[in-house]
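Visitor: Read off the chains here:
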Amino acid sequence: MTEPLDYTASELLAVMSGRILVDGQTAFAGVGIPLLAAVLAQRTHAAGLTILFEGGTLGPFVVAGELPPSTNEQRCTRRANMLLSITDVLLLLQRGYVDVGFMGGAQIDRHGNLNSSFIGDPADPAVRLPGTGGGNDIASLTQMIVAMKHERRRFVEKVDFVTSPGYLDGGASREESGLVAGGMYRVVTDLAVMGFDDETRRMKVLALHPGVTAQEVRDNTGFDIDIAAEPKFTEPPTGKELGILRHLDPDRLYTA
Amino acid sequence: MTEPLDYTASELLAVMSGRILVDGQTAFAGVGIPLLAAVLAQRTHAAGLTILFEGGTLGPFVVAGELPPSTNEQRCTRRANMLLSITDVLLLLQRGYVDVGFMGGAQIDRHGNLNSSFIGDPADPAVRLPGTGGGNDIASLTQMIVAMKHERRRFVEKVDFVTSPGYLDGGASREESGLVAGGMYRVVTDLAVMGFDDETRRMKVLALHPGVTAQEVRDNTGFDIDIAAEPKFTEPPTGKELGILRHLDPDRLYTA
Amino acid sequence: MSDREITQKPYLKLRADTQARDRSLREKVMSLEEAAALVSDGDHVAIGGCTMSRTPFAMIWALIRARKSGLHCSRSITSSEGELLFASGVSEHILTSWFSQGIVWGISRIMRAYTESKRARFEEWSHMAIGLRYRAGAMGVPFLPMRAMMGSDVAGQLDNIHEMECPFTGERVVLVPALNPDIALIHVQRCDAYGNAQIDGLEFMDIDIAMAANRVILTTERIVSNDQIRRAPDQTKIPFIAVDAVVEVPYGSAPHECYGVYEPFFDHMDWYAGRMKPEAEAGIAAYLEKYIYGPADWAEFLSLLGMADLLDASRRGRSIYND
Amino acid sequence: MSDREITQKPYLKLRADTQARDRSLREKVMSLEEAAALVSDGDHVAIGGCTMSRTPFAMIWALIRARKSGLHCSRSITSSEGELLFASGVSEHILTSWFSQGIVWGISRIMRAYTESKRARFEEWSHMAIGLRYRAGAMGVPFLPMRAMMGSDVAGQLDNIHEMECPFTGERVVLVPALNPDIALIHVQRCDAYGNAQIDGLEFMDIDIAMAANRVILTTERIVSNDQIRRAPDQTKIPFIAVDAVVEVPYGSAPHECYGVYEPFFDHMDWYAGRMKPEAEAGIAAYLEKYIYGPADWAEFLSLLGMADLLDASRRGRSIYND
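Chains as they are written, first to last, in our numbering: chain D, 1 to 256; chain E, 257 to 512; chain S, 513 to 835; chain F, 836 to 1158.
It should be emphasised that the hints constitute simulated quantities derived from the structure, not laboratory data. Don't be surprised by glycine CBs; every beta carbon is placed ideally from N, CA and C. Watch out, some of these pointers could steer you wrong.
Straight-line C-alpha distance at most 25 Å; calculated DSS-like pairs for lysine-lysine [claimed, not checked]:
| no. | chain 1 | residue 1 | chain 2 | residue 2 |
| --- | --- | --- | --- | --- |
| 1 | E | Lys405 | S | Lys789 |
| 2 | S | Lys802 | S | Lys789 |
| 3 | S | Lys789 | S | Lys630 |
| 4 | D | Lys149 | F | Lys953 |
| 5 | E | Lys460 | E | Lys488 |
| 6 | D | Lys149 | D | Lys240 |
Which bits of chain S does chain E cover? Going by a derived footprint, with three or more residues having C-beta under 8 Å, they are [as the list claims (entries may be wrong)]:
| no. | stretch |
| --- | --- |
| 7 | 613-621 |
| 8 | 662-668 |
Let's have the full structure, built from the sequences with the hints guiding it.
Guide: What follows is the structure in structure tokens.
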């Protein structure tokens, strides 16, 4: 066994969420960690992964060191297979061409609802956040993967505002609201990989990252979260994975 | 006064309907007489007329001697300003960008309804005609000009089938059906120019062509049609107009 | 006759069918015959192009040769390919807005013979209604609203059209249901081996048809490299994720036209129309025998059209770029 | 606050307004100042592009200099141009899906300051909902159906959104109302003097916005001949019939990007973001003074950005065609 490698929390996040993507899938990716993770997946186990950006790009090539600042700049389009209008690329979600939506999150609750609109009372918020963008559409129409930092203030019992729907109030409430397709699939943090119970739709820990304890997850989660008595552990990031990430983001814009 | 010029019924039709078009208008034109008439208008009094084809062409240049066989061939697109999908060019009608629809007709009734679908009982027709194409859409959403031969079997009390709506049963029945915009504006034949009464929406003669009598129109119309006691007359085709038409259609495909 | 209807798929079924397709970037090049095998009897087959333009003629030719049956066909406007589909027995149901060889040739005798005798059905919708039905299918919604068709007998004789009042403005609109064809046949000027397609000139309804369908067969004048596609991704009109087969067929729309490559083979179309005049059904039966079933392959079909016609159609076709 | 709402026009009014426009093929070239005069206080102004891409920055710059007020703005995603619209007092209402300078610069302090104090309103709709609202406007229908927004608080806090059951499938869909802006501001790579516009790269929602609006101002990197447009009519994305003003403004999206011509002026955007950090409102007031009100003309504004930045942004912009 060699020495464990050094990596940042963001690098861990990118590696762990990238591993969830499957070869041949079509994935809507946000910029930052999701994009890094998706490109990492393409260059490791999922060469046939198709990336889509909500700005209108289908199947681009992301140039190392030229990561796009949003999904809407020309950097997103280099050597793409197709460019579409925003509305048309989002309609691919609705038509069912997209397997996975992959984004970051500011605040999430036990049923996987995401808030990126308001902290506090929406009518008189403590913080007005930037809003949904395509988040609501993507979360409504795909299997979602969310990558985010594991902090108590981000993992809350109930979000202040449901910007991007997860399982709403749990159980069958998502389907009953009219959202018959998609749903929250995985939440990946710097501590663990979470999924959702098939019945209750409550968040549960599927695996802890190397060296993380169940107590650490509980301490950093603002609600009661299910963790197996003998939890599984993820495999640590490999040198190859970290090397690809550092090649892609040499200035550590997203992986500092 | 010079000798009256010789011209065919189709040439008369093209000249008379072309004159109705106004400079600066945007007109949806079918092939055949409507297209010839529209190009004639452009080359006489309406240089700023914009022609649209239901195949998806906006503002084309029609080459003399290369008249398109339908609105969907590349001949329709020469030196056009824009090509759109069929659905999008038809949506220009719905959005309100188009002033005039201009087409031929197989059968018309006293309220300006057009039939291009069935002769006889639609459930067991004597003749299955080719159908609406964009006719229904154009008639539903623009001020319509129809150019057709004036024959008793074509001008009927009530069409067997309303393919392209005129004023339906007359009066306010068109608006009441939900068709709040557009309506039949003019019917031009080889005998006369017809309009519609503002109240009853019944067809009436606005002007007879040179040398045509009111009785001739009545004899060739399958319903009781209003003609003023002292009818107006149109001006005969000029040498310039006929010259342009013959230049455009040297093989007399549409003007024999 | 419920087997003469095109039915609407529930949304979850539509999604599941799409998700079951291999949408990855993979090579899909095959022969006309292999592509024909992707079409099942009874399928709803949407036909790209319009009238005599970018008709996927070679693919239809292959379907007739493969003796398909019970196909429900749909197309914006139907020309001679519809006559052949009826007369060959491949289809007894075409949903379209207009059906005849072309205005200059008068009313189709074959269309009349088959529909008036009720051996086949010409289901008539307005041009825009068909466009919006495909578009609804492409958008993944069950319907779209429109402001035509009201008051007319075209709407009156259809039972899957619905009127409603807009909840925002109180205005009356017509709703038309989505069309999601089982398979779409589209002919393009060029695409890559993965199915990224570029279309020059008039698009007709092809993009919506491709995105709405559960399977897409592209025939193409030529296959280009994926690198060429990626150099101008804003020129891609149909993405590889929606395509299931790519067949390279030069002159694949003949005797119809392919924008910028060839105009219609007018001499042949005139001759064909004349052939139907004395006895339509016997005429088209002979045509099917000689031109569809007879040739060993597509090149032999083109040979029957003749080199002179091919050169003339090509000269006229390319002339669009002369200015 | 009804003056903070964007209202929907009745169909006949929408048509009458469109028909009253001179849609003929005529020259429409004018200056930024003349084009700004086409915008009335209180208008609903739709802004083309997305985030930092093809923002009609020069036109917004001109509207701020012209001291417009009460504009209702809408845009797919709003970046620093929205901060300037709020801080200048030109607009107190922006309808958009996301509002911040850009992810890498964190949450907009100006957006927060204005919305949290209720001096201005950020009306949030999902990205697709905004796209479909413009599309409904472009199609001339009062609404479009969609399958997102349900269950969320984004829909919950809006009163002009409606749920219904599809009459064909029984499925539940959300209806979103049409947006028909009074005026649209769109920046393009090239157009002719009549307003036939070509757009390279990402289109965003610009085509729908242009067709939906009652008036369109195009700013363009360069004006080309109508002959050039007519040589490739399938490249025209916005037709002259929808355009009311054409303004030639090189670097008209600076300091944002224009696809294939220049990338964002990142140094300036970083500096701008930093300038807001200590005291956002004082920072943007100083920025407005120096960069918006101060310059004699657009060239002087570009001079303030600096030649080195301009060359670097251009080099990066053109690099998309290097492959």
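Visitor: Next step is simple, just say for each hint if it's right about the structure.
Guide: Comparing the hints with the structure gives:
In summary, the hint linking Lys405 (chain E) to Lys789 (chain S) is supported, as the alpha carbons are separated by about 24 Å, within the 25 Å threshold. Among the hinted pairs, Lys802 (chain S) with Lys789 (chain S) is consistent with the structure: their alpha-carbon atoms are about 18 Å apart, no more than 25 Å. Distance hint between Lys789 (chain S) and Lys630 (chain S) is fulfilled; the C-alpha atoms sit about 21 Å from each other, no more than 25 Å. Pair hint Lys149 (chain D) plus Lys953 (chain F) does not hold up; C-alpha atoms about 31 Å apart against a cutoff of 25 Å.
At roughly 12 Å between alpha-carbon atoms, Lys460 (chain E) and Lys488 (chain E) fall within 25 Å of each other, so this suggested pair holds. Pair hint Lys149 (chain D) plus Lys240 (chain D) holds up; C-alpha atoms about 23 Å apart against a cutoff of 25 Å. Residues of the stretch 613-621 of chain S lying with their CB closer than 8 Å to a CB of chain E number 5, which satisfies the three-residue condition for coverage. Look at the stretch 662-668 of chain S against chain E: 6 of its residues bring a Cβ nearer than 8 Å to a Cβ of that chain, three or more, so the hint holds.
The earlier numbered hint that this structure contradicts is number 4, and it is the only one.
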